[in-house]
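2 protein chains.
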Amino acid sequence: MYAATASATHSLSQVDFDAYLTETRDLVLDEIRRFARIDDPLGASLYDLVMDYPLRPAKGLRPALCLATCRALGGSLAAALPTAAVLELYHNAFLIHDDVEDGSDRRRGEPTLHLAHGTAVAVNVGDAMLALAMEPLLDNVRLVGLGKALRVLQAVATMARTTAEGQALELRWARQGVRPLEDADYVRLAESKTAHYSFVAPLTAGAILAGATGDQIERLTDLGLRLGVAFQIQDDVLNLAGDEGVYGKEWCGDLWEGKHTLVLAHMLRTVPPETRQRVEGILRKERPGPASRALDALTALVDRLAGEGAVSASAKRALEEGLVQVHGGDAKTRADIEILIEEIAARGSIEYARRLAASHAHDAAASLRRISEGLPASIHLQFLWSVVDFAVQRDS
Amino acid sequence: MYAATASATHSLSQVDFDAYLTETRDLVLDEIRRFARIDDPLGASLYDLVMDYPLRPAKGLRPALCLATCRALGGSLAAALPTAAVLELYHNAFLIHDDVEDGSDRRRGEPTLHLAHGTAVAVNVGDAMLALAMEPLLDNVRLVGLGKALRVLQAVATMARTTAEGQALELRWARQGVRPLEDADYVRLAESKTAHYSFVAPLTAGAILAGATGDQIERLTDLGLRLGVAFQIQDDVLNLAGDEGVYGKEWCGDLWEGKHTLVLAHMLRTVPPETRQRVEGILRKERPGPASRALDALTALVDRLAGEGAVSASAKRALEEGLVQVHGGDAKTRADIEILIEEIAARGSIEYARRLAASHAHDAAASLRRISEGLPASIHLQFLWSVVDFAVQRDS
Chain A
276 MYAATASATH SLSQVDFDAY LTETRDLVLD EIRRFARIDD PLGASLYDLV MDYPLRPAKG
336 LRPALCLATC RALGGSLAAA LPTAAVLELY HNAFLIHDDV EDGSDRRRGE PTLHLAHGTA
396 VAVNVGDAML ALAMEPLLDN VRLVGLGKAL RVLQAVATMA RTTAEGQALE LRWARQGVRP
456 LEDADYVRLA ESKTAHYSFV APLTAGAILA GATGDQIERL TDLGLRLGVA FQIQDDVLNL
516 AGDEGVYGKE WCGDLWEGKH TLVLAHMLRT VPPETRQRVE GILRKERPGP ASRALDALTA
576 LVDRLAGEGA VSASAKRALE EGLVQVHGGD AKTRADIEIL IEEIAARGSI EYARRLAASH
636 AHDAAASLRR ISEGLPASIH LQFLWSVVDF AVQRDS
Chain B
276 MYAATASATH SLSQVDFDAY LTETRDLVLD EIRRFARIDD PLGASLYDLV MDYPLRPAKG
336 LRPALCLATC RALGGSLAAA LPTAAVLELY HNAFLIHDDV EDGSDRRRGE PTLHLAHGTA
396 VAVNVGDAML ALAMEPLLDN VRLVGLGKAL RVLQAVATMA RTTAEGQALE LRWARQGVRP
456 LEDADYVRLA ESKTAHYSFV APLTAGAILA GATGDQIERL TDLGLRLGVA FQIQDDVLNL
516 AGDEGVYGKE WCGDLWEGKH TLVLAHMLRT VPPETRQRVE GILRKERPGP ASRALDALTA
576 LVDRLAGEGA VSASAKRALE EGLVQVHGGD AKTRADIEIL IEEIAARGSI EYARRLAASH
636 AHDAAASLRR ISEGLPASIH LQFLWSVVDF AVQRDS
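Just so you know, the protein sequences line up as chains A and B, in that order. For the first sequence, this note's numbering assigns the number 276 to the initial residue and increments by one for each residue that follows. For the second sequence, this note's numbering assigns the number 276 to the initial residue and increments by one for each residue that follows.
Watch out, some of these pointers could steer you wrong.
Copies of one chain are not kept apart here, so a pair can be met inside one copy or by any two copies together.
Listed next, the in silico EDC-like pairs over lysine to aspartate or glutamate satisfying Cα-Cα at most 20 Å (straight line) [stated by the list, open to error]:
{"hint": "1", "residue 1": "Lys591", "residue 2": "Asp578"}
{"hint": "2", "residue 1": "Lys423", "residue 2": "Glu410"}
{"hint": "3", "residue 1": "Lys534", "residue 2": "Asp458"}
{"hint": "4", "residue 1": "Lys534", "residue 2": "Asp373"}
{"hint": "5", "residue 1": "Lys534", "residue 2": "Glu457"}
{"hint": "6", "residue 1": "Lys607", "residue 2": "Glu561"}
{"hint": "7", "residue 1": "Lys560", "residue 2": "Glu583"}
{"hint": "8", "residue 1": "Lys591", "residue 2": "Glu306"}
{"hint": "9", "residue 1": "Lys591", "residue 2": "Asp571"}
{"hint": "10", "residue 1": "Lys534", "residue 2": "Asp611"}
For the record, the hints were derived by calculation from the structure and aren't laboratory data. These figures come from a predicted structure and were not determined experimentally.
Looking at chain A on its own, in the form it has when it is part of the complex (with noise of 0.2 Å):
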């Protein structure tokens, strides 16, 4: 496996990389409480909202990074921590928005914020996470001068431009069934839709705030891309080899919502030409709602009460056609799902992907290997190291 080729000298012990991210994070949610505004009156009971995401247990790896990256190349812990407070309610509205999209029941332990409040506030407490995010990158201007405020913002920019537009591709894919299946089209989307927002951006926009060199930003935007990518297989791969076989609230969420993964690529691209309609045919269908688990329960009543003689065999029929309307059409199974499981099983496509990603860490740490010569040995770099090893060996 990867840990090989990242001398141990260079990571952090368990024990030190977990303490770097508590203090990083507890600094983090201090600075995100000051710009949320919570003394507001008007938006009181919104700012309790913005707030709920970044509250739960998390490991707030994006903002280490930035934090660590501004460090390790002589940049003050005051002139990044702002923006890494940025990019964490960034990531945080991403999620509340992706949770919505994905019909998500539960989010770090908890349920939803769309399933705890209704859609309508899920949605517009994005927005305002998205809103608030503006306001601390202009007064970089004042805190690091206009240069660097200016490519931070830039930076931010085209992070956000990229993340919709990945986040586009990845539900068209998910609808159609029918998607492009070559390594090359899932690393274009894994790019897109997560490495920029949660590598790429934070390592180069700490590095601006730290004055690097445009050669050390090219740099450290390949490390955030392979990174990106080797952390989205190893998530694909955790969301159906995570929990051990045993059947969890959110295990295989990727397969009821027919998302891309490169699991599901390297099986679709490998199995006979009958066997992959089928699937295809599985990956189309809608993903059962709540409404529609209720509906189930509907459609066994009318069973049972057909059954024990109380509805007769033409309202029993009637009945069933009602309830399919409501329904509007064919939701995923378990059954189908479990066809998926095994035909993955069967292509040892998980395996590859494990192979896959532990390429990509190769390569990131051959980009930090760069980055690294010249630069004082420090906790940041050693951070910087010790995610490289994460990407790939972390199990949640």
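Since the structure of chain A is already known, use the hints to place chain B on it.
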């Protein structure tokens, strides 16, 4: 009515007003196409969706206000065009997300984006539009210089935050049923959810780009707030009284959604306590969604089948209980809405709202008169006068 207070010589004829709007709208759409990058293969389908709402029939009032203010104050068309296009993009992003939040079926005579392409796509397209709005504002540095560019960015950041706060307040009040009923509470809501993004930001951004003084910007802010409140009250009135008594698609949408309007506030504070309680109970009920309408059809079917003896009495009760569970509670009925309409008519609340709109438009005219002093006569200034008339005289 108000029109008498604005001298006729100041306003444009209807024909010239429409021509001014058409001309600026064409320029703005070209500008949006330019920075929406519709030739990017990765985002091709995303950008078709980004252009969907902007290309539907609309006045384009916000960008026209921005361009007219800049030019009336001696600035150039070129200086304000990208910013005007950004404001139109924001407006359309807000409309897409508002339609999701309100569960609206139609926008500008066509199905809403979420109805045509699903909620997931609609949320993401709105996010993409907000992301696309940042880069042209950064390009303003080259176009108009650093100082103006930063002030416009600040104005847009404030506008985005204020709008999200106003939207949050509206959603909270709509869900509560009980809400504060003074005119001042309504005015605060209308200023934050509507006036800032529709009037204050276009007017002040245009002024900043023309190099206006702090005094001028303060007066334009006041003009924008008064115009925005007049505009929003008229919007509320048209929602109830615009369609000459014929039940249209969107007619009374505000009542179905339980939205706080001046009309509703006046009715609630003038009815006897027992009526008020009944009305608040109606407002708290959910709006029936598309699934809910399909379930109503199922309930009718169960009824009919029971009448024919094909479903037993106990089976009917069991099925009705099951349907109520899927419904997820009690939704508003047409009879509920008719009760609200009757009370509004009995209290003269629409007439009251019209008077308050006229009073805000009167204040807006006073603001514009002060702004006009010392400015050369121009078609752009005449356009601003026409908008003051339009705010209370419009019927669409």
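Do the hints match the structure? See the list:
Taking the shortest alpha-carbon separations for lysine 591 and aspartate 578, both the intra-copy value of 7 Å and the inter-copy value of 14 Å come in at or below 20 Å. When the C-alpha separation of lysine 423 and glutamate 410 is checked against a cutoff of 20 Å, the pair qualifies both within a copy, at 15 Å, and between copies, at 16 Å. When the C-alpha separation of lysine 534 and aspartate 458 is checked against a cutoff of 20 Å, the pair qualifies only within one copy, where the shortest distance is 15 Å, while the shortest distance between copies is 49 Å. Proximity of lysine 534 and aspartate 373 under a CA criterion of 20 Å is satisfied intra-copy only: 12 Å inside one chain copy versus 27 Å between copies.
In this assembly of identical chains, lysine 534 and glutamate 457 lie within 20 Å of each other by CA distance solely inside one copy; the values are 15 Å within and 49 Å between copies. When the C-alpha separation of lysine 607 and glutamate 561 is checked against a cutoff of 20 Å, the pair qualifies only within one copy, where the shortest distance is 6 Å, while the shortest distance between copies is 29 Å. Taking the shortest alpha-carbon separations for lysine 560 and glutamate 583, neither the intra-copy value of 33 Å nor the inter-copy value of 36 Å comes in at or below 20 Å. Proximity of lysine 591 and glutamate 306 under a CA criterion of 20 Å is satisfied in neither setting, with 60 Å inside one chain copy and 58 Å between copies.
Proximity of lysine 591 to aspartate 571 under the C-alpha cut-off of 20 Å is found in both arrangements, the shortest distances being 14 Å within a copy and 18 Å between copies. Taking the shortest Cα distances, lysine 534 and aspartate 611 sit within 20 Å of each other inside one copy (15 Å), while across copies they are farther apart (42 Å).
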